[in-house]
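Using the sequences and the hints given, assemble the complete structure.
Here the protein sequences come in this chain order: R and W.
Sequential numbering from 1 applies to the first sequence in full-length UniProt numbering.
Sequential numbering from 1 applies to the second sequence in full-length UniProt numbering.
Relax, there's no trap hidden among the hints.
Below are the DSBU-like pairs computed for lysine-lysine, each with C-alpha atoms no more than 30 Å apart in a straight line:
{"no.": "1", "chain 1": "R", "residue 1": "K558", "chain 2": "W", "residue 2": "K32"}
{"no.": "2", "chain 1": "R", "residue 1": "K720", "chain 2": "W", "residue 2": "K32"}
{"no.": "3", "chain 1": "W", "residue 1": "K32", "chain 2": "R", "residue 2": "K543"}
These aren't lab readings, by the way, just hints derived from the structure by calculation.
Quick caveat, the model's predicted, so the values are computed rather than measured.
One-letter residues, chain by chain:
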Amino acid sequence: MVGPEDAGACSGRNPKLPPVPAPEHAGLDGKMIRATGGFGGGVGSVEPPEEEEEEEEEEMPPPQELLRRYLAADGGQLEPGLCYCPLPAGQPRFQPPLAAPRSDASPPDAGSRHRGEEAADARAARHGGMTNGDSGFLPGQDCRDLEEARRLARAGGREPRHHRLRLEESADEDADGAGSPSDWAAPLEDPLRSCCLAAADADEPEGEGSGSGGSPASDGRGSEFSEPPGAGARGPAEGASPVTSAERTSGGEGAKQQLGFSDVHSNSRNTFEVSHRKSARDHLPPAGPPVPSPAAEQGPAGTSARARRSGGFADFFARNLFPKRTKELKSVVHSAPGWKLFGKVPPRENLQKTSKIIQQEYEARTGRACKPPPQSSRRKNFEFEPLSTTALILEDRPSNLPAKSVEEALRHRQEYDEMVAEAKKREIKEAHKRKKIMKERFKQEENIASAMVIWINEILPNWEVMHSTRRVRELWWQGLPPSVRGKVWSLAVGNELNITPELYEIFLSRAKERWKSFSETSSENDIEGVSVADREASLELIKLDISRTFPSLYIFQKGGPYHDVLHSILGAYTCYRPDVGYVQGMSFIAAVLILNLEEADAFIAFANLLNKPCQLAFFRVDHSMMLKYFATFEVFFEENLSKLFLHFKSYSLTPDIYLIDWIFTLYSKSLPLDLACRVWDVFCRDGEEFLFRTGLGILRLYEDILLQMDFIHIAQFLTKLPEDITSEKLFSCIAAIQMQNSTKKWTQVFASVMKDIKEGEKNNSPALKS
Amino acid sequence: MAETYDFLFKFLVIGSAGTGKSCLLHQFIENKFKQDSNHTIGVEFGSRVVNVGGKTVKLQIWDTAGQERFRSVTRSYYRGAAGALLVYDITSRETYNSLAAWLTDARTLASPNIVVILCGNKKDLDPEREVTFLEASRFAQENELMFLETSALTGENVEEAFLKCARTILNKIDSGELDPERMGSGIQYGDASLRQLRQPRSAQAVAPQPCGC
Numbered sequence: 001m002v003g004p005e006d007a008g009a010c011s012g013r014n015p016k017l018p019p020v021p022a023p024e025h026a027g028l029d030g031k032m033i034r035a036t037g038g039f040g041g042g043v044g045s046v047e048p049p050e051e052e053e054e055e056e057e058e059e060m061p062p063p064q065e066l067l068r069r070y071l072a073a074d075g076g077q078l079e080p081g082l083c084y085c086p087l088p089a090g091q092p093r094f095q096p097p098l099a100a101p102r103s104d105a106s107p108p109d110a111g112s113r114h115r116g117e118e119a120a121d122a123r124a125a126r127h128g129g130m131t132n133g134d135s136g137f138l139p140g141q142d143c144r145d146l147e148e149a150r151r152l153a154r155a156g157g158r159e160p161r162h163h164r165l166r167l168e169e170s171a172d173e174d175a176d177g178a179g180s181p182s183d184w185a186a187p188l189e190d191p192l193r194s195c196c197l198a199a200a201d202a203d204e205p206e207g208e209g210s211g212s213g214g215s216p217a218s219d220g221r222g223s224e225f226s227e228p229p230g231a232g233a234r235g236p237a238e239g240a241s242p243v244t245s246a247e248r249t250s251g252g253e254g255a256k257q258q259l260g261f262s263d264v265h266s267n268s269r270n271t272f273e274v275s276h277r278k279s280a281r282d283h284l285p286p287a288g289p290p291v292p293s294p295a296a297e298q299g300p301a302g303t304s305a306r307a308r309r310s311g312g313f314a315d316f317f318a319r320n321l322f323p324k325r326t327k328e329l330k331s332v333v334h335s336a337p338g339w340k341l342f343g344k345v346p347p348r349e350n351l352q353k354t355s356k357i358i359q360q361e362y363e364a365r366t367g368r369a370c371k372p373p374p375q376s377s378r379r380k381n382f383e384f385e386p387l388s389t390t391a392l393i394l395e396d397r398p399s400n401l402p403a404k405s406v407e408e409a410l411r412h413r414q415e416y417d418e419m420v421a422e423a424k425k426r427e428i429k430e431a432h433k434r435k436k437i438m439k440e441r442f443k444q445e446e447n448i449a450s451a452m453v454i455w456i457n458e459i460l461p462n463w464e465v466m467h468s469t470r471r472v473r474e475l476w477w478q479g480l481p482p483s484v485r486g487k488v489w490s491l492a493v494g495n496e497l498n499i500t501p502e503l504y505e506i507f508l509s510r511a512k513e514r515w516k517s518f519s520e521t522s523s524e525n526d527i528e529g530v531s532v533a534d535r536e537a538s539l540e541l542i543k544l545d546i547s548r549t550f551p552s553l554y555i556f557q558k559g560g561p562y563h564d565v566l567h568s569i570l571g572a573y574t575c576y577r578p579d580v581g582y583v584q585g586m587s588f589i590a591a592v593l594i595l596n597l598e599e600a601d602a603f604i605a606f607a608n609l610l611n612k613p614c615q616l617a618f619f620r621v622d623h624s625m626m627l628k629y630f631a632t633f634e635v636f637f638e639e640n641l642s643k644l645f646l647h648f649k650s651y652s653l654t655p656d657i658y659l660i661d662w663i664f665t666l667y668s669k670s671l672p673l674d675l676a677c678r679v680w681d682v683f684c685r686d687g688e689e690f691l692f693r694t695g696l697g698i699l700r701l702y703e704d705i706l707l708q709m710d711f712i713h714i715a716q717f718l719t720k721l722p723e724d725i726t727s728e729k730l731f732s733c734i735a736a737i738q739m740q741n742s743t744k745k746w747t748q749v750f751a752s753v754m755k756d757i758k759e760g761e762k763n764n765s766p767a768l769k770s
Numbered sequence: 001m002a003e004t005y006d007f008l009f010k011f012l013v014i015g016s017a018g019t020g021k022s023c024l025l026h027q028f029i030e031n032k033f034k035q036d037s038n039h040t041i042g043v044e045f046g047s048r049v050v051n052v053g054g055k056t057v058k059l060q061i062w063d064t065a066g067q068e069r070f071r072s073v074t075r076s077y078y079r080g081a082a083g084a085l086l087v088y089d090i091t092s093r094e095t096y097n098s099l100a101a102w103l104t105d106a107r108t109l110a111s112p113n114i115v116v117i118l119c120g121n122k123k124d125l126d127p128e129r130e131v132t133f134l135e136a137s138r139f140a141q142e143n144e145l146m147f148l149e150t151s152a153l154t155g156e157n158v159e160e161a162f163l164k165c166a167r168t169i170l171n172k173i174d175s176g177e178l179d180p181e182r183m184g185s186g187i188q189y190g191d192a193s194l195r196q197l198r199q200p201r202s203a204q205a206v207a208p209q210p211c212g213c
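Laid out in structure tokens, this is it:
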């Protein structure tokens, strides 16, 4: 699961997306935020350099927050397009496998997974959407829709009132009030679906269903939304399909499909935004900055009546999107005979189950860490009525069986009561827990937002002077705000090699020539005797590996938006440094840079990064140098985690077994992407030593478990780290690692290891101690 | 860890990049095809307890990186391996052409007696085949390898490959050709770094005895 960092990764890229109306998007975002009431002051104050982008960045959180809350409020029953679309890049670790079984519960689940616990997760999500490059393919349509929607909203002359969120909640309340949750949803659903599916259906009386009495808006809306047929089809109505199709799209064949994909996205956003604006107008002082109050809290506050009356298309949509899910769940529950255990809890249990299944599948397929959502951020009004209780139904035996005896019936009744009480207790507890988590998350988000202001306004303009000050270093440790991440990485990595974008172009064109000539001759060459070395030089391996780089993101693969960029950078590098060439692992590094920087800048950072002594030693596969790094690592390993060190020693488990992968890819393959980015942040600050410190941090984090394991389990564990590793935990473990051996620091220890080994070499040649 | 087994074999999976080594391993361990596969950097691991000829054998599998450049690293992992899956891709002659080099590595670095099974992977891509079954089986014969064509995608022959290799090792132990007790012979009873060797000596002593079958 990817957090803010990722998001950041993405954010940096918005502007460069090719055929994009990205700026427009940005604008929209901006508006949304303002409407919501964002970070009042901070926003205004940010202006100048690189600003377009930064500003948006900064404004991001509130709507995101809202979005998230609103998702949360929805009890995890996300509208699939909404929950999925914004996320792809933001959530690299979780891409439900195409073939994953998607039960009804799974989309919400996916949603909850998506909403990570990382602070700016939500932002990640949104940027993810863009980064993903989808925005690159956003047709103007998108924006037009949005504008149109707005216009209609205004034209409708209705008093817009609600956040979608609020609508959601009011809908829930309605439902509760009405007793049967499914009947309120029912009349809306199908029509709405058809509305999404085809323009023809737009006139159906469903608009009335939502209480708007066939307002022009709803009509307009219907047709409007049905414009992109693809989008409608996988729109809100269908639970599973949008997700899958979206995936396929992003994994698949480029712009055309992406178009549909982003439409889904935009639809949901439209709804969100429109309703949003209404509420803003309604509740906020005309010119004043919107109150950043938690929308979710506002929600239940008696707006439901108005919501109902006003109907409006926001209502219309809100209802469409969510009730559907609820109903599906419920109907499933009701159709099962006999005892129904916590039919509604299953939202939760189901969710966990499906998420588990998905995760397993996913793991199975990727063998990679997919952070399970440590806690779901769904939030219902648990405080009022634990929902599980409503769905545990005590039934008599079917009539074809002998009736229960009195005692039995009594006992069952008692058991039933106990179960209900138990469930209630549990849910209330969980609700509290969730609430706390949400609070922390919001706080984190705010921290990130304020950090961003500092980075943009104070640090970046005065980089040379400030970057090594204590204050900046401390702030740096907290993780770079996604929007400045690429910039800071670039500055920190530097450009000792003095590579210019022009130089990059030169090497790129050289690579393209080679590549072309290769493909022209390859048919003959392939048949006989192309050596492996030739093959590597021929860029073939690059091609092969690109498709295997963050495969779950579906953005570097053939047809994905960054496939060519990744290919170009790696190809250009092999021409720039034929002595190093392409080495597996590079594709991950380049990919992470691409997610955060423009192409040429990414190349410059890439080449300079690989030119650092440690990276050069590894990518040249200079075995003896690598051994020195491992030996130095072991010095600190023993110093910090002596027990574990001895345990490993007793199994002759040498650090190369796990460190090679970690160091080669700078953790981007083994840690969740957001976490890897945070490691990169501090790696940029502290240099190579931090890579090894991170390794020790991981060992420390799992010390207790590792101490219980034998060789093979340790090796398996460390080469495939758990997916639920969180940045807080890892970084507190890293912080606890002292990179000081008696009085020697990393570099000094490394120097003395070099010396020792040199001397040792005279006596006996070193071999890997595996 | 309550696993019990009679033997522990260290297995290698070797072969050129992109031949499907990790996918074979994944298919063997999880019975599933690994869709979103990464390239292996350095080494990855898998283990599974299998039943072969009435014995339980734990296979400890080292799945190595395929890129030529990594060979200097992966070579150090060969030591003490009892068996190896030597993998090429039937749709790529290059991967077939480099088999000899891989085999030499295995025999010199692990042990001359290492039991190697040649796996022509991606059998499901028959239309794109560049290496015929006949040609490969001839190569296998000449080099005293077992040979199977496998598909990590469909799972065809994947388990067989591992089991066949394990069975052969067991047979060699039975026939006395391999002595699991003897260290440094290249073929070991389990792996030097493994749990079994940590256990009281008696545990080890017991193991070779059941081979009277």
